[in-house]
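Each protein sequence line maps, in turn, to chains A and B.
Per the working numbering, the first sequence runs over residues 1 to 412.
Per the working numbering, the second sequence runs over residues 413 to 824.
Each hint should be verified, as a subset may be incorrect.
[As the list claims (entries may be wrong)] In silico DSSO-like links for lysine-lysine, alpha-carbon gap of 30 Å or less:
{"#": "1", "chain 1": "B", "residue 1": "728", "chain 2": "B", "residue 2": "659"}
{"#": "2", "chain 1": "A", "residue 1": "217", "chain 2": "B", "residue 2": "803"}
{"#": "3", "chain 1": "A", "residue 1": "11", "chain 2": "A", "residue 2": "217"}
{"#": "4", "chain 1": "B", "residue 1": "720", "chain 2": "A", "residue 2": "217"}
{"#": "5", "chain 1": "B", "residue 1": "770", "chain 2": "A", "residue 2": "316"}
{"#": "6", "chain 1": "B", "residue 1": "803", "chain 2": "B", "residue 2": "770"}
{"#": "7", "chain 1": "A", "residue 1": "157", "chain 2": "B", "residue 2": "720"}
{"#": "8", "chain 1": "B", "residue 1": "569", "chain 2": "A", "residue 2": "217"}
{"#": "9", "chain 1": "A", "residue 1": "157", "chain 2": "B", "residue 2": "629"}
{"#": "10", "chain 1": "B", "residue 1": "803", "chain 2": "B", "residue 2": "659"}
[Claimed, not checked] Below, a sample of chain B positions facing chain A; criterion: calculated Cβ distance under 8 Å:
{"#": "11", "residue": "437"}
{"#": "12", "residue": "464"}
{"#": "13", "residue": "467"}
{"#": "14", "residue": "532"}
{"#": "15", "residue": "535"}
{"#": "16", "residue": "538"}
{"#": "17", "residue": "581"}
{"#": "18", "residue": "585"}
{"#": "19", "residue": "631"}
{"#": "20", "residue": "632"}
{"#": "21", "residue": "636"}
{"#": "22", "residue": "739"}
{"#": "23", "residue": "742"}
Keep in mind the hints are simulated off the structure, nothing from the lab.
Predicted, not measured: the structure shown is a model, and the values here were computed from it.
Just so you know, even glycine gets a beta-carbon here, dropped at the ideal spot from N, CA and C.
Each chain, letter by letter, is given below.
Number of protein chains: 2
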Amino acid sequence: MARFDAYFLMKPADAAAYAKEKLAYFDREADLQFTEIGDGNLNYIFRIVDARGRRSLVIKQAGHTARISDEFKLSLDRNRIEYDILKLERELAPGLVPEVYGFDPVMNCCAMEDLSDHLIMRQALLERREYPLFAEHITTFMVNTLLLTSDAVLDHKRKKALVGSFINPDLCEITEDLVYTEPFNDVKLRNLPFGPNLEFIKRELYEDEALLLESAKLKFDFLTHAQCLVHGDLHTGSIFVRPDSTKVIDPEFAFYGPAGYDVGNVVANLIFAWVNADTTMPAGRAREAFSGYLARTLEEVVDLFISKWRRLWDEKVTETVARYRGFAAWYLDGVLEDTAGVTGLELCRRIVGIAHVKDITSIAEPARRLRAERLCLSLAKRCIRERASLKTGRDYLELLKWAAGNYPRGEA
Amino acid sequence: MARFDAYFLMKPADAAAYAKEKLAYFDREADLQFTEIGDGNLNYIFRIVDARGRRSLVIKQAGHTARISDEFKLSLDRNRIEYDILKLERELAPGLVPEVYGFDPVMNCCAMEDLSDHLIMRQALLERREYPLFAEHITTFMVNTLLLTSDAVLDHKRKKALVGSFINPDLCEITEDLVYTEPFNDVKLRNLPFGPNLEFIKRELYEDEALLLESAKLKFDFLTHAQCLVHGDLHTGSIFVRPDSTKVIDPEFAFYGPAGYDVGNVVANLIFAWVNADTTMPAGRAREAFSGYLARTLEEVVDLFISKWRRLWDEKVTETVARYRGFAAWYLDGVLEDTAGVTGLELCRRIVGIAHVKDITSIAEPARRLRAERLCLSLAKRCIRERASLKTGRDYLELLKWAAGNYPRGEA
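Excised from the complex, chain A in its bound form (with noise of 0.2 Å):
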């Protein structure tokens, strides 16, 4: 027993011999099976299944490195902070994140619900799966966790206590450096554009000031805007679905900071989806019926959001100055203008930077993948600039009809 007293990295059958031994989650003489499933970049997930197929458990554990590279050293805070918003979340958005069972700051893992009857939703949305109450889920999700953890609705003292518990200088480092500085300018040079894609992105990213200005005053917002607890890293690999159900995992980036970024996030990565199927898929009924359900996807999901974050501020608001008349206009508007700069960055980063989406990366053919990148990059420049003006989900698609019609396939 003596052996999960101090920390070091588990490898499968540690993982099972702690669910047994630490957690008494199994029967002593239960057959476990056991394997690492984590894709993630951070750490590592291990899935651990009674061999009569009856229980099962997930325990994440934090490495003191990114998987993705080494120059990435991460305080092993990240799996408390993970554990503690899973809860809050849960409570916030019930049945929408997996149950959590424990946390333990020697071992730095988390026990939690195995999801795998559910789907990480970029792979299957490669998969070309529907999922069409993945729109009512999500906005639930975004409002509740966001709303509900502003200034608008929460008591001040508890949400300074809350901004306190989640300064998260590590996790915010990488999204300040990966999302808000290096696709624009490249000043680690670690960016890893598409070769054939390097000089367009060198003239409509890096050398474009007006655009670079946009991106500062975006990265300021994230620095300094202590709005919401965000979740932080709300993209298409952070969430599992079923056709009846959306978890959110992975919240180790959550922080106070500007509710758009998750609303971005979730924009973005559908965008993604929407011009992978718009690229690959070959002309016909499929493609139509497959790319429109990710358009009408990401209209609801916009749009949805709007309405539920009216209803609920009318419902929740306790900031006597909140109800001043023309306020809750004036801070919806300012949400929906992050989310349409955030979109543009995700969307950028994705294609430019180190981090990249399989979505844009699975595109074999180069002049597809040059069509589907620029097709991103052309979106992305509108949402950061026209931020101001992308209020519904309709202004979306007319942005993606334009981007598209720009970069047409070259079918007949």
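Go by the hints and put chain B onto chain A.
Using the frame of chain A, we list chain B on its own:
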């Protein structure tokens, strides 16, 4: 000796014993004179002097409630905050804060330099004294303490650590209530407006919905904008002056907030002094000279703040994206906009709210006080509503002229 091992609220004699026995600041044989000199709202200030006049010391102890009212229960942590901030400010702006000799977390008191050879600036200005170096000193203090603690200069992780150290819920709540909320709606029914102006205040503040909306936007900026480590209470009662020296005291309200909060407080409190002189001094050369000195000081505070900020920005900025073309101007513009907004808020709350200033309350003759208050409130409204266009010292002087013209003294 054991008497200082547990917290109790000291009397002057206790403080003298503390200085001798616990701090060993004086000889055991020293004949000490001691007195309580605090006139602020929150703390007890003891001055202890060696009868031979060779050494002196100030001890500042925090009570559990504000002296102004038992309603304000305050964390004793504020003296720890004050001590840490004074040390930090001393590094950033040498010579412009008192020396601190130590902090005692048990007795919750702080020993510091005796500034009895200085005067509290508010009182000194009411005595028509001039401080020709004040603008120079206070702008150095503000530019250094604000810009050097911002994300433009400071490593972002170090900045986040400071944010965490100076989350200051109790003191921030006082400001949120007294500056940003109650002057516009008297929601807690504890405003103390001057009777003859009650109707004016009702019409010009409580019923002006456009003004209310702007005040709410500014409140959320205060609640969420972790831009710089602000002093948080930089009025002329927190500043000790001598003709050749300026010392900023009482940083217990410090937290990460909008830089303009400090600048706006200095500007507004110079306006109170100007309004007092303009309203109460008899027509003639003395009034011209003194109100001219105050107007010049106000203009210099704004303009020197701007020029020193730009110079220090060019020298010290480390954040890559803050070097993009146009960013420095955009950032400073935001600080100046907040400055104007806070100037307006401070002008309102000292007239309408629970905490008044002697510059106004000392005006005995009702018609004059009426005039002084209306002048301040009409200035306040323009500062809040037109905050985006107040960019130079001259802009403020023109507002002063406009307001004085609207409310003539009624002299021949």
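Going back to the hint list, which numbers does this structure go against?
-> Failing hints, ascending: 3, 5, 7, 11, 12, 13, 14, 15, 16.
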